[in-house]
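Residue numbers (my numbering), protein chains in the order written: chain A, 1 to 355; chain B, 356 to 710; chain C, 711 to 1051; chain D, 1052 to 1392.
To be clear, the hints were calculated from the coordinates, so they are not data collected in a lab. No false leads were mixed into what you were given.
Keeping only pairs whose Cα atoms sit at most 25 Å apart, straight-line, the calculated PhoX-like set for lysine-lysine is:
1) Lys835(C) with Lys784(C)
2) Lys1364(D) with Lys1125(D)
3) Lys547(B) with Lys1103(D)
4) Lys343(A) with Lys282(A)
5) Lys1176(D) with Lys126(A)
6) Lys1381(D) with Lys126(A)
7) Lys1176(D) with Lys29(A)
8) Lys892(C) with Lys384(B)
9) Lys1040(C) with Lys481(B)
10) Lys126(A) with Lys1125(D)
11) Lys481(B) with Lys784(C)
12) Lys283(A) with Lys225(A)
13) Lys698(B) with Lys1381(D)
14) Lys126(A) with Lys1370(D)
15) Lys835(C) with Lys384(B)
16) Lys784(C) with Lys384(B)
17) Lys1364(D) with Lys1176(D)
18) Lys1233(D) with Lys29(A)
19) Lys343(A) with Lys1040(C)
20) Lys1364(D) with Lys1337(D)
21) Lys29(A) with Lys1125(D)
22) Lys481(B) with Lys835(C)
23) Lys762(C) with Lys192(A)
24) Lys481(B) with Lys1029(C)
25) Lys698(B) with Lys547(B)
The calculated label-pair distances, taken between Cβ atoms and stated as ranges, are:
26) Glu630(B) with Gly973(C): 43 to 51 Å
27) Lys225(A) with Arg612(B): 38 to 46 Å
28) Phe1313(D) with Lys580(B): 34 to 42 Å
29) Lys637(B) with Arg257(A): 31 to 39 Å
30) Gly1203(D) with Glu703(B): 52 to 60 Å
31) Pro423(B) with Gly1203(D): 50 to 58 Å
32) Asp420(B) with Lys1324(D): 22 to 30 Å
Not everything, but these chain A residues come out facing chain C in the computed CB check (under 8 Å):
33) Glu35
34) Gly39
35) Gly40
36) Arg43
37) Lys48
38) Ala51
39) Pro75
40) Ser77
The C-beta atom is built at its ideal place from N, Cα and C for all residues, glycine as well.
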Amino acid sequence: MAQATDQRALTYAQAVNEALRQTMESDNKVFVMGEDIAGGAGREDQGKSDAWGGPFRLTKGLIGDFGPDRVRDTPISEAGFLGAGVGAAATGMRPVVDLMFSGFFGVCADQIVNNAAKMRYMFGGKITLPLTIMTSTGAGTASAAQHSETLYSLFAHFPGLTCVAPSDAYTAKGLFISAIRSDDPVIIFNHKLLMGRTAKSADMGQGEGFGVVVPEEMYEVPIGKAHIDREGTDITLVGISYTTIVCRDAARELESRGYSVEVIDLLSVSPLDSETILNSVKKTRGIVIVDEDYPRCSVASDISALVAEEAFDYLDAPPVRITSPHTPVPYSLPLEMLYLPTKESVVEAALGILE
Amino acid sequence: MAQATDQRALTYAQAVNEALRQTMESDNKVFVMGEDIAGGAGREDQGKSDAWGGPFRLTKGLIGDFGPDRVRDTPISEAGFLGAGVGAAATGMRPVVDLMFSGFFGVCADQIVNNAAKMRYMFGGKITLPLTIMTSTGAGTASAAQHSETLYSLFAHFPGLTCVAPSDAYTAKGLFISAIRSDDPVIIFNHKLLMGRTAKSADMGQGEGFGVVVPEEMYEVPIGKAHIDREGTDITLVGISYTTIVCRDAARELESRGYSVEVIDLLSVSPLDSETILNSVKKTRGIVIVDEDYPRCSVASDISALVAEEAFDYLDAPPVRITSPHTPVPYSLPLEMLYLPTKESVVEAALGILE
Amino acid sequence: MATDFIIIDIYKEEPGLDMQKIDDKLLMQFFETMVTIRLFEEECRRQADLGKLRGMHSSIGQEAVPVGICGHLKEGDYILGNHRSHHHCIARGVDINEMMAELLGKSTGTNRGKGGTMHIADIDKGMLGANGVVGSNIPVATGAALSAKMRGTDNVSVVFFGDGASGQGVLYESMNLASIWKLPVIFVCENNRYAEATPFEYAIAGGNVSSRAEGFDMPGIQIDGQSVIEMFLKATPAIERARNGEGPTLIEALTYRYQGHFGGENPQSYRTKEEEEHYKSNDCIKQIRNYLIEEEVCGLDDLTRLEEGASVKVEQSVKFADDSSFPDDKALYEDVYISNS
Amino acid sequence: MATDFIIIDIYKEEPGLDMQKIDDKLLMQFFETMVTIRLFEEECRRQADLGKLRGMHSSIGQEAVPVGICGHLKEGDYILGNHRSHHHCIARGVDINEMMAELLGKSTGTNRGKGGTMHIADIDKGMLGANGVVGSNIPVATGAALSAKMRGTDNVSVVFFGDGASGQGVLYESMNLASIWKLPVIFVCENNRYAEATPFEYAIAGGNVSSRAEGFDMPGIQIDGQSVIEMFLKATPAIERARNGEGPTLIEALTYRYQGHFGGENPQSYRTKEEEEHYKSNDCIKQIRNYLIEEEVCGLDDLTRLEEGASVKVEQSVKFADDSSFPDDKALYEDVYISNS
Ligand SMILES: Cc1ncc(C[n+]2csc(CCOP(=O)(O)OP(=O)(O)O)c2C)c(N)n1
Ligand SMILES: Cc1ncc(C[n+]2csc(CCOP(=O)(O)OP(=O)(O)O)c2C)c(N)n1
Ligand SMILES: [Mg+2]
Ligand SMILES: [Mg+2]
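The task is simple: from the sequences and hints, build the whole structure.
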C-alpha cells in the first residue's frame, strides 16, 4: 500500500475530486458526465463559471479546467446517458458516469447489466469497456426508502461488473484512480455519510485505516483486495464502506474488554478477496460481517457462506451477519436509527462468539 | 397439500393457462397484460380470433373468453406497462403482468423495486398491491447472455417482493393461484425448460413431487413454504425450479449407491422457508444447494449461510453450493452445457459430504 | 438572464378565458388553498431550521399549478406527485396535520411516519403518492387511469412531474400507452425552468415538452402556471377529454420555484437574482389576490380572514405533529409481506 | 389486410431522386450484398433444420435497409444492430465465414462462439454489436457518436432497431441527448409492420415513428425500405447532417419481414397471406434486379455471376464453420474481468 506523504486532511469528496482531476489531466480520454455534474456552470446564458459541481460536489470546479465537453451535464435520462457511457467506452473513451443514488439503478439497469457487464464476454473478448460508474449509497439522512439503499450486492450478482466501496478519503482516491484506469466496467459506491469526512476524521485511533492522510500524487488502491484495517487474533469483523467505521468503533469497545480484534475493510465487493477473509478467520476462528445492504442475497451472505464452506473446521462458532433488516428504509428518525447496523449490535454479536 | 384428483397430464404451460383462466373467471378484477399476450388476436383489422397467446403460449386462447380488455397486448414498454400494473393494482385491480424474460428486468426494475416493492411500506401500510409478475428464466436454449438468466436472487434482495419458482405443472398452477390472490406483489419465475413438460414427465419415480397430476379445481400452493419432494436421512439436496429435477436425478443416483436422500423443492425464493431447510439439515447433517442463478449474492449463498449460522453444530461437513459459474451465459452449445449445474456435479458434491 | 417562456397553446384559436366557468366560491377556495400551501411550506422551512424536519423540496412559487388542476377533480380521481409534492397533496385535500406529522416522522402522519416528504400518500383523499424517483410516478398514473377505465368509471388520473422528468423515457412509454388505449390520464409537467441546477433550455431538445405530445397522437398544451385561473380554465378540455373516454393530454405548466432545489440550497449558484425577481414579481398568489380585489369578488377583509384561517391551521398542524408520538419500534418491521407475516 | 404504409417525407419538397449520386458500381455492390444476405439467411434456415443452428431471427425481406444506409459509411463509422441483425452485419462488411461460425458456436466465430445470433459484433469492421434487448443498443450508439465527436472525427454512428423498439423510452432519451448535444447519430427504425405478433398500427400511437422526431428538434423521415436506391439517396441528408456536426436524424424505413419472428414460427397466425404476398411482390432484390437490367446498368450475365459468387461464398461459410472447432472448455471462464483475472 502507498504510504502517506504529507498531512493534507482532504474530505472524501475532495479526494474524489482530486482523483478525477488528476486522471483527466493525465488522460484526455477521461471525461465525467451526469446530472448537475457541472450543475449549470459553463453555459453562456447563465453566466456562471462554477455552480453545483455534482450533487455531492465531487466534480466541483472541474469545469473551469476541463470545460463543458469533459464535465458534461446530462438531462435526467440515466438509461440514455449510462448507455452513452457504454458506447463511448467501447469506442476509445474512458467515461466516468454518475448515477446520483444507487436506488435509481432501476431506470438504467439494462445498460449496466446487459451491456456494460456482458459486452466483453458476449463479443468474445474483442472489446474492452473502461467505464466507471459512481453512485451514492446509504441510509441515515432521512431520505426514506428510495434514496437510502446500498445495493452493491445487486450489482455484484452480475458477472462482469467490478464493485468497489471505499471507506475513507484515502481509499476513495486510490480506488477511483484504479477504477478509471481499469479496462473493465467498475462501479464505485460512495456512502453519503462518508463524503463529508476527512481522512483524519475517518480514522480515530491508532494505526487504523491506511488513510490518515491523502497523498497528493496519484496512487492506486488495488481492486479485488480487502484491507486489514486493524490486526487482531480473537475475532474478525468485516466492514464495507461506512460499516468499516462501525467495526472500528466496535473493535475499540471490544479491545477495552481485553479482546484482540481484526477489522477487515472489504473495499472490493466484487471480485471478493476470499483469501484475506479466509486467512483472517483461520487465525481468529470467528467472524462478524457488518453490512448495511439488505440481508437477502447479499455480500454478507456470500462471506458467511464462504467462511462456512472454506474454513468450516477453523470456526469455533458460526459466522454472524449484522445487517439492515429485510425491510425498506423507513423515514422517521427513530426507525431509521433502528434500521442501521450499530456498534452495539456488532459488539453484542462478537461477544456472543467470544464468550 | 392438495391431493391429485384425476389423471390429467397438463403441461406446465397448460397448468398456468388454467390457473389464469380460473382466476379470471372467479374474479373480474384479474387481467393479464404483456407483449403478445393476445399476440395480435382480437383485433378487427387482423381478423384473427386467436394468435400467439403469449411468447410461451401461457395465455393461449384466453382472449376468446375474456376479450382484449382483459387479455391485453402491450407495446414493448416494460417500464410503462409494469408501472401501469402497479397503478392498476393500487386502485382495485389484480393485474398479472408478463415480463417476457427475466433478463429484461433492467428496463423496468424501477417500477418493480421502487414502486411495487416499497409502496405499501412507504405509505405506512395504507395500500395493498396485488400485482403478479410472471417472467421466464433459464439457460439451455442457445439464447446467450441476455436471454438466459435466472435472476430471482436479484429480486429476493428487495424487501417487499415475494418470489416464487414453480418446479412443475402442479406447483405452477397452485403458485399462480396463490400469487394472484396475494395482496402483495409476487414475481413468478417460469423456467423455459419446464414449460413444455407435463406434470407426469416432471415426475419420474416413486413419490416424487406432489404433482403427478394437476387437479382441475382451483387450489393453492402456499407461498413461503418449501416442499419436501423426497424424504431421506443421509443428505439434503435443495433444488429451485429446474434444478429440482437435477436434484431428483442426483438423488436417484445416490440412492442406487445406498444413500437416503432428502430433496427439498424450494418453491419460494422469498420469503425463504428457513424452517423446512433447517429441520432437514438437522436430520441429514449435510446439504448441497443446487441453483442455476449466478453464484454471487444469491439465494444459494443465503441458504449456505443460513445453515452454517443456524445449524452449525448439526453439520458433519460444510454446506456445498453447486451453481452456474460467475460468468455470463455463453452461446456455444458445449459451453452452455458446461455452464449449467448437472446431476454429475451434484452427485460428486454429495459424495464428497457423504464419504 | 434566461429568456421568458414562449407559450405554445393548441387551444389558442378558441375564444379567451370564459370566466363564467369558474364561480366566486371556487376562486376564493383557490386563494385559500394557495395561501395554505405557501404558509405550510414556510413553516416546514422553520421546522427544518429547528432541526425537527430533515430536509424537503419546497413548492413555493408553484402553488397555482395543482390548485388549478385539482379544482376539476372529484371523488375517485387520483393524483400522483413527485419529490416536490406538498402543494399537490394540499391541493388535493390531504390533511395538513397528518402531513406535518409525516414530515416530523410521527406515527399520526399520512404514512405513519414511514414515508416522509417524498412519499406522502393518502389514497382515500385521492392522492396516490408522491414518488422520489424522477418520472417513476408517470406509468403508475397511467395504470390508475387504466383501472378507472376497466372498472367502468369516468374517473381520471393526473400526474405531476417536473421539466426534468421529461428526460425520462418512461414518460414517452406512458404517453404512448395512454394514447393507444385512450386512457383518462392528464400528464402535467410543471416546468419550473430547472431540474436541480440544470436549466430546461439546456436539457430539453426543442425547448419545450408540450410539443412532444403530437408525435404520440394527443393534445399538448402550455399554460401559464402562475395564473391559477388560466390553469383551471385551460385544463378544462383535457379533463373533459379524459372523462369522455377520448384519451390523454399533456399539459406543460410554466412556473418557477422560488427556493433552492432542496432544503436550504442556494439557487443563485446557477441562476441570476434578476431572473428570480422577474418571476417573483409575477407571484401566483399576488395575482389571484389582486384579481379577487380588483374584480370585487370579495373584500380585503374576506382575504384577511382566509389568510388568518390558513395561518392558524398551519400552526395547528405543528402542534398536532408535536403532540404526536414517534412510531413504535415494531413499526420498522410492519407493512411489508401481508400474506406471510 | 392492413392498409399500406403512408409515407411521410420531410424532404419531399426537394427534387426527385438524383441518380447521379449513385454510381453503377455501387448499385451492383448493393445487389450483390443483398443477394448475399438473402442466401445467407436461407442457409441459416437449413442449418437450423439440420439442428446445427439453434434458432435465429431472419432478416429476409429487409435487406435493402442496411445495405442502402451502409453505402454511406466509411472507416471509423459504427453501426449497431438488434436481435435481427444478420443483414446489418453483412451490409457493414462483417465476414460471413466468421458469422456462420459464430452461429454454429465455433471458436472461429466473430465472437469466439460466445455471443451467437443476437450478439454478433466486429468492432474492427465497424459493427459495434447486435443486442438482444429491444432498444438497448440505441443509447450505446449515441455514446459511440459522442465518442466520435469528442475524438474530433467526422465519423457517424448508425443504430438499427425495429418498430417495436419505438415502445422503449430509451429511444426518446437518446434522441433528446443526441439532439441537445448535436451528436452524429442516425436512428434507423426498420418498421417491418410487426413486433413479434403485434402490428405497429396497434402499438404505435399516431401510426408512425418518424413524426416523433420533431418534438425532439430533429428531422424525421420515412423512406421506402424496399428500395435500396431510395434508402441510399434519401438517407444522404441525414448522413451529411451528422458528418457536419449538425446533429441526429430519425429515419423510419418501411419494410416487411417475410419469415416468422423467430426460427420456424408461422406468421400467418397473426397476419394474412394476402398481406404477405403484397409485400413479397414488391421484393427489394427483385426491384434492384429489374432496375439494373432495365436501366442497362449491367447485363443478366453480370447478375448471374454476382448471384453465383454469393452462393459460393455462403456455401464456403458453412464449410468454414463446419471445419472449425468448438471453443475449449476454458473459454467459458475467459473474457470477463480483465483487471483481476
Ligand atoms: C431517476 C432519478 N434521477 C435523478 C434524481 C435526482 N433528482 C431529484 S429531483 C431532480 C430534479 C428534478 O427536476 P424536475 O423534474 O424539473 O422537478 P423540480 O425539482 O424542478 O420540481 C433530480 C435530478 C431522481 N430523484 N430520480
Ligand atoms: C426489452 C425487451 N422486451 C421484449 C423483448 C422480446 N422481443 C424480442 S424481439 C421483439 C419484437 C421486436 O420488434 P421490432 O422492434 O419491431 O423488431 P423486429 O423483430 O420486427 O425486427 C420482442 C418483443 C426483448 N428482446 N427485449
Ligand atoms: Mg424543474
Ligand atoms: Mg418490427
